[in-house]
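K.L.:
Keeping the supplied structure of chain C fixed, place chain G upon it in accordance with the hints.
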Amino acid sequence: GAVVSQHPSWVICKSGTSVKIECRSLDFQATTMFWYRQFPKQSLMLMATSNEGSKATYEQGVEKDKFLINHASLTLSTLTVTSAHPEDSSFYICSAPKGQIMNTEAFFGQGTRLTVV
Amino acid sequence: DQQVKQNSPSLSVQEGRISILNCDYTNSMFDYFLWYKKYPAEGPTFLISISSIKDKNEDGRFTVFLNKSAKHLSLHIVPSQPGDSAVYFCAASFSGSARQLTFGSGTQLTVLP
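Sequence lines, in order, name chains C and G.
Going left to right, the first sequence walks through residues 1 to 117 as my numbering numbers them.
Going left to right, the second sequence walks through residues 118 to 230 as my numbering numbers them.
Warning: the hint list may mix true and false statements.
Pair by pair, the computed Cβ-Cβ distance ranges are [unchecked claim]:
hint: 1; chain 1: G; residue 1: S125; chain 2: C; residue 2: G53; range: 34 to 44 Å
hint: 2; chain 1: C; residue 1: Q42; chain 2: G; residue 2: S145; range: 17 to 27 Å
hint: 3; chain 1: C; residue 1: E87; chain 2: G; residue 2: G133; range: 43 to 53 Å
hint: 4; chain 1: G; residue 1: Q131; chain 2: C; residue 2: T17; range: 40 to 50 Å
hint: 5; chain 1: G; residue 1: H193; chain 2: C; residue 2: L26; range: 30 to 40 Å
hint: 6; chain 1: C; residue 1: G61; chain 2: G; residue 2: E175; range: 36 to 46 Å
Computed list of lysine-lysine pairs in BS3-like fashion (alpha-carbon distance at most 30 Å, straight line) [to be verified]:
hint: 7; chain 1: G; residue 1: K173; chain 2: G; residue 2: K188
hint: 8; chain 1: G; residue 1: K173; chain 2: C; residue 2: K98
hint: 9; chain 1: C; residue 1: K64; chain 2: G; residue 2: K188
hint: 10; chain 1: G; residue 1: K188; chain 2: C; residue 2: K98
These stretches of chain C come out as covered by chain G in the derived footprint (C-beta under 8 Å, 3 or more residues) [claimed, not checked]:
hint: 11; segment: 71-85
hint: 12; segment: 108-114
Since the hints were made in silico from the structure, they are not lab data.
Since we're looking at a predicted model, the values are computed, not measured.
Note that CB positions come from ideal geometry on N, CA and C, so glycine has one too.
Isolated chain C (complex conformation) (with noise of 0.2 Å):
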């Protein structure tokens, strides 16, 4: 199957630092990437949608200049959490959907731990 990479798989920062999380697709070209966040024991939440060669679509709430997106190249997607704070700690994730037709599985990335201290 498709392979998605995301590293760092877990990160500890100071409070203030900035982290940047990477998204890279293996095997295949990414268009759009998606970036999502989850808080323990709820579910997914649909941050932003990274697209390569354009500005990120942000969902309503999610500060774009807090979580700067940059779609880089058809493979890669990064995620910016600047001057991070203790709320900001939680599991990251990115995904990819695989080839161009609109209903196609997305192949997620292992995840980012991120602990703000």
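P.N.:
Okay, now just chain G, sitting in the frame of chain C:
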């Protein structure tokens, strides 16, 4: 407002028996439904999907049933195995959504040996 709901946070089943996980949705625009399996600290793994033009899709031990009039879908796993123990998420999308997925809150399945 949760558009995709999984009302059972947990389910325990004996090995070899059938596991039935349920999911309800409210948005009638959804036309594609998926089930994902997730282990702690890992990303979800795709299991099976179904288009709204069908009412059943089967893949090995996994079968998904869709009842559009009731806005309900279910995942049947038979026979259940201890390795099936994980959190199962149902997800939905619609054709105009650029393949964004709306997830339910998940059901923790425990298969007892």
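K.L.:
Which hint numbers does the structure go against, in order from smallest to largest?
P.N.:
9, 11
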